[in-house]
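S.K.: One letter stands for each residue in the lines below.
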Amino acid sequence: MTKVQLQETEHATPTESIRIGVYVCHCGLNIAGSVDCEAVAKFAATLPYVVVSKDYRYTCSEPGQELIRSDIKEYKLNRVVVASCSPRLHEPTFRRVCEDAGLNKYLFEMANIREHCSWVHLHDRESATEKAEDLVRMAVARAALLEPEEENTVPITRKALVIGGGVAGIQAALDLADTGYHVYLVERDPSIGGRMAQLDKTFPTMDCSICILAPKMADAGRHPNIELLTNSEVQEVKGYIGNFKAKVMKKPRYVTDECTACGDCVPVCSVTVPNEFDVGLSTRHGIYIPFPQAVPSTYIVDRELCLNKENIIVCDKCIKACERQAIDFEMKPEILELEVGTIVVATGADVFDPASLVEYGYTKFPNVITSLEFERLINAGGPSGGHIIRPSDMKIPETVAFIQCVGSRSERGHLYCSNVCCMNTIKDSLLIKEHWPETKIYVFYLDIRAYGKGFEDLYKRAKKEGVLFIRGLPAEVIEDRKTRNLWLIGENTLQQELYRINAEMAILSIGIEPRKDSAVIQRLLTLSRTQDGFFMEAHPKLRPVDAPTGGIFLAGCAESPKDIKDSVTQASAAAARASILMAKGKVTVEAITPRLIEENCTVCGLCARVCPYNAIIFDKEAKRVEFIEAACGGCGTCAAECPFDAIKMRHFTDEQIFAQIDAATQLDAEKKIIAFCCNWCSYAGADFAGVSRMQYPTNVRIIRTMCSGRVAPKFVEYAFARGAAAVLVSGCHIGDCHYINANYQTLKRVEKLWKKMERLELNKDRLQLEWINASEGERLASKIREMQAIVGSVSAEEIENSKKMMRKG
Amino acid sequence: MPVRIWREPLDADKIKVSKAEIHILKDQCKGCDFCIEFCPKQVLETSEELNIKGFHPPIVIDESRCVLCDFCTAICPDFAIFVIEKDCKEGC
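Sequences listed follow chains A and B, in order. First residue of the first sequence? That's 1 in the numbering used here, and the numbers climb one at a time after it. First residue of the second sequence? That's 1001 in the numbering used here, and the numbers climb one at a time after it.
Just so you know, these hints were derived from the structure itself, not from any lab. Everything numeric in this text was worked out from a predicted model, so none of it was measured. The beta-carbon is built from N, C-alpha and C at its ideal position, and this holds for glycine as well. Hints may be right or wrong, so weigh each one.
[Stated by the list, open to error] A short, non-exhaustive set of chain B residues, derived as facing chain A with CB atoms under 10 Å:
| no. | residue |
| --- | --- |
| 1 | Lys1026 |
| 2 | Cys1032 |
| 3 | Ile1036 |
| 4 | Cys1039 |
| 5 | Ala1074 |
| 6 | Pro1077 |
| 7 | Phe1079 |
[Claimed, not checked] Here are some chain B residues pointing at chain A (derived, C-beta under 7 Å):
| no. | residue |
| --- | --- |
| 8 | Val1003 |
| 9 | Ile1005 |
| 10 | Arg1007 |
| 11 | Pro1009 |
| 12 | Asp1011 |
| 13 | Gly1031 |
| 14 | Phe1034 |
| 15 | Ile1061 |
| 16 | Arg1065 |
| 17 | Val1067 |
| 18 | Leu1068 |
| 19 | Cys1069 |
| 20 | Phe1071 |
| 21 | Ile1075 |
[To be verified] Have a look at the derived ranges for each label pair, beta carbon to beta carbon:
| no. | chain 1 | residue 1 | chain 2 | residue 2 | range |
| --- | --- | --- | --- | --- | --- |
| 22 | B | Arg1065 | A | Ala380 | 33 to 41 Å |
| 23 | B | Asp1027 | A | Gly386 | 30 to 38 Å |
| 24 | A | Gly263 | B | Pro1077 | 32 to 40 Å |
| 25 | A | Gly386 | B | Arg1065 | 29 to 37 Å |
| 26 | A | Glu491 | B | Arg1065 | 33 to 41 Å |
| 27 | B | Arg1065 | A | Glu434 | 53 to 61 Å |
| 28 | A | Glu276 | B | Lys1030 | 41 to 49 Å |
| 29 | A | Lys238 | B | Lys1030 | 53 to 61 Å |
| 30 | B | Ile1005 | A | Leu542 | 37 to 45 Å |
| 31 | A | Gly263 | B | Asp1078 | 47 to 55 Å |
| 32 | B | Ile1005 | A | Val154 | 41 to 49 Å |
| 33 | B | His1056 | A | Ile478 | 52 to 60 Å |
| 34 | A | Glu236 | B | Ile1061 | 43 to 51 Å |
| 35 | A | Glu491 | B | Ile1005 | 32 to 40 Å |
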């Protein structure tokens, strides 16, 4: 631990003459409302190397940017610090400003005094201002040690992978293919089409769903630039923006392309099972086509159901029936290795299973059906030929009740609004009225959300047609044993009276939920999910279709519940975003990769062992350690692992981080929490806490690293040696790490540190580890609140002890 | 599409279910048990009974399970088993 001793004081001084300009942004009242920006700017002027310091109303505005540009020239600035919002929002903006003025963009630094300060300390102006000053002090200290970096460019493969063949995936694939790029469209089911293929009509125009979808499906099927991979699943994705390598397993159909879809094989097949496409309301055989418009128009054998097991042909009836000899039980799964530059995730959503809401009696009462079952019943090609019939007696009901928000907007399901159910019900009610005008229809709702173009008109039309809207969901549905009719009992909250209404059939308007297996795609592509479980976008307003991982885009219900129009819009947007990358043909990689300091390296190989990307070539014999820049993700876990300080992480150097710790602990260290947050999850989580105005104590100082794996034990030890009361290390949840598995190293290192603290008889509660994802702002806020108690309990003696112990090591 | 499937399909009564009639020529059987072993629907099992040659011929446990794949007929070395489809025009 001699290193720590050396670093104890100002361990690094810049070599050149540093001239820093500091710009403190008011962001209207967003920052100025709880931070005295003028005072912060005045304070910044007193810091070392700062030659100019100003506060400005909106620094990101054009005049604000111009101010920085002209100052860079006028004051010969060679470092710029902007104290404003999160670098995750405006770092690119200000980096561009610096570049415009001839300054290398890596010489720019940001202090996050909005998301991490003014918004989370709304009611304590004095402490918030103090914290803002500290954050600026940290930023200036780091800025002084920043170095100019050159970015490498890597070529982009001009091919795209679209995962999911619903309407969003189809649209994205078509747009990309029309632009001229080769597209692999991967679909897990035997046909593309997705949920939209199951629907009867669409709102608000009442177009026939399959009639508008089928031509698109056919286009996708025969487009020369689209390679359709149905009955296939993505198994592995490696690489990075522009250069992904995906492994796709193409499961055998046991029916070759020779199939003409004549259907002669079906009647001879002696095994049957409920048809999933018709939600089990009809039957299909062991050899089948999911629905008549399926693309590809090729039958498929369900081997789970088929009598023929591996290597034994027990039943050959379909083989004999097929004139074209298209059935081949010898087909084997194929693994395809695809090289693509961009990926569109359009994996769709599942529907809520209402069986868990026992009061509605789904699965208990035959005449309680779901809205998806209704779609198949009202569809002319469906199991009842377009007649809504009561499953109990196959009669057309005279009274129908729709129950809204089943599984949505409730603790007993999902908290969010599923977006489409209100309009879907209104559409369904009109469909019933169109076929059977005498039907009495009740809609039990909480709020009717008819927010889109043409939606309100449709709602009004339904009311005019005599559909009765009753505010207040039924508390219970009871079945009349004899007639199988249903009694719906609840409170009409508008009239404040109880209702007890008899209906012959009840339709549960079920919500949309994330795919049950979204964790698989999440892991394959290192994506994040919101608390609701849908995939998270890079920025909710400004980058709504970009995933946080470069080169990956989101479309359709995988991102959030949405209707067909929004899915199509988002798919086209995702395709356009992907096209922009591929049109450029190359992409610059952030200069945050490591450099070897050869004189320190002992060729021990520890770095190679922890690298999640196998990007370090280690050859003990040849005494060679080499970094493969293109494969490196830039997490920095190698540098944290190196015991000899032989790895320099560019833009996140040891010196820069030590300088931030120094600055953060300069005043009142014994009251402070030093928090290391990874860029992708925890720092974003802290941003989210800010955006949501979650209030927490002001004594935390967040240091951003790309990955929690960058947090070397020496940083934590140094923070304690400087007298910090507590340290928080925080990263993505285990299994969700943006850098595959680098956070396992974080866990190991923190566990080691805990052991060490125990050995030194220090209170190990002062070091906390918490996994916080980008949507868990509250988790971060409550962790800080919890740690506040630890800070309060740490005695001056304990602080002195840790200062001594950690210095000694 | 993982949606809960629990109802009896509406067309359950219309779907043709094969009605098999299994015939075993007991005395032709030499008890190789191929038919029992390879039946994909587990329709047969070895009987206690001894045939004229002193072997245990198979017996039918559940005829309704048979889907008329005819594999037993195909693999029987002694032509001792065959299945015919019942004529269900007047109900079975």
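S.K.: State for each hint whether it applies.
M.R.: Here's how the hints hold up against the structure:
1. Lys1026: Hint on Lys1026/B: violated, closest Cβ of chain A at ~23 Å, above 10 Å.
2. Cys1032: At about 17 Å, which exceeds the 10 Å cut-off, the nearest Cβ of chain A leaves the hint on Cys1032/B violated.
3. Ile1036: 13 Å, violated
4. Cys1039: At 8 Å from the nearest chain A Cβ, Cys1039/B passes the 10 Å test, so the hint holds.
5. Ala1074: 9 Å, holds
6. Pro1077: Hint violated; Pro1077/B Cβ to chain A Cβ min 17 Å, cut 10 Å.
7. Phe1079: Violated - the Cβ of Phe1079/B stays beyond 10 Å from chain A, reaching only about 18 Å at its closest.
8. Val1003: 6 Å, holds
9. Ile1005: Since the shortest Cβ distance to chain A is 3 Å, the answer is holds.
10. Arg1007: Holds: closest Cβ of chain A sits about 6 Å from Arg1007/B, inside 7 Å.
11. Pro1009: At 4 Å from the nearest chain A Cβ, Pro1009/B passes the 7 Å test, so the hint holds.
12. Asp1011: 5 Å, holds
13. Gly1031: 21 Å, violated
14. Phe1034: 12 Å, violated
15. Ile1061: 17 Å, violated
16. Arg1065: 11 Å, violated
17. Val1067: 4 Å, holds
18. Leu1068: Holds: closest Cβ of chain A sits about 6 Å from Leu1068/B, inside 7 Å.
19. Cys1069: 4 Å, holds
20. Phe1071: 4 Å, holds
21. Ile1075: 9 Å, violated
22. Arg1065/B with Ala380/A: 33 to 41 Å: Given about 36 Å between the Cβ atoms, the range holds.
23. Asp1027/B with Gly386/A: 30 to 38 Å: 57 Å, violated
24. Gly263/A with Pro1077/B: 32 to 40 Å: Because 36 Å falls inside the window, the suggested range holds.
25. Gly386/A with Arg1065/B: 29 to 37 Å: Since Gly386/A and Arg1065/B have Cβ atoms about 35 Å apart, the given range 29 to 37 Å holds.
26. Glu491/A with Arg1065/B: 33 to 41 Å: 52 Å, violated
27. Arg1065/B with Glu434/A: 53 to 61 Å: At 45 Å between Cβs, range violated.
28. Glu276/A with Lys1030/B: 41 to 49 Å: Because 45 Å falls inside the window, the suggested range holds.
29. Lys238/A with Lys1030/B: 53 to 61 Å: Given about 58 Å between the Cβ atoms, the range holds.
30. Ile1005/B with Leu542/A: 37 to 45 Å: Cβ of Ile1005/B to Cβ of Leu542/A: about 42 Å, so the range 37 to 45 Å holds.
31. Gly263/A with Asp1078/B: 47 to 55 Å: 38 Å, violated
32. Ile1005/B with Val154/A: 41 to 49 Å: 48 Å, holds
33. His1056/B with Ile478/A: 52 to 60 Å: 57 Å, holds
34. Glu236/A with Ile1061/B: 43 to 51 Å: Since Glu236/A and Ile1061/B have Cβ atoms about 46 Å apart, the given range 43 to 51 Å holds.
35. Glu491/A with Ile1005/B: 32 to 40 Å: 34 Å, holds
The structure fails hints 1, 2, 3, 6, 7, 13, 14, 15, 16, 21, 23, 26, 27, 31 (numbered hints given earlier, in ascending order).
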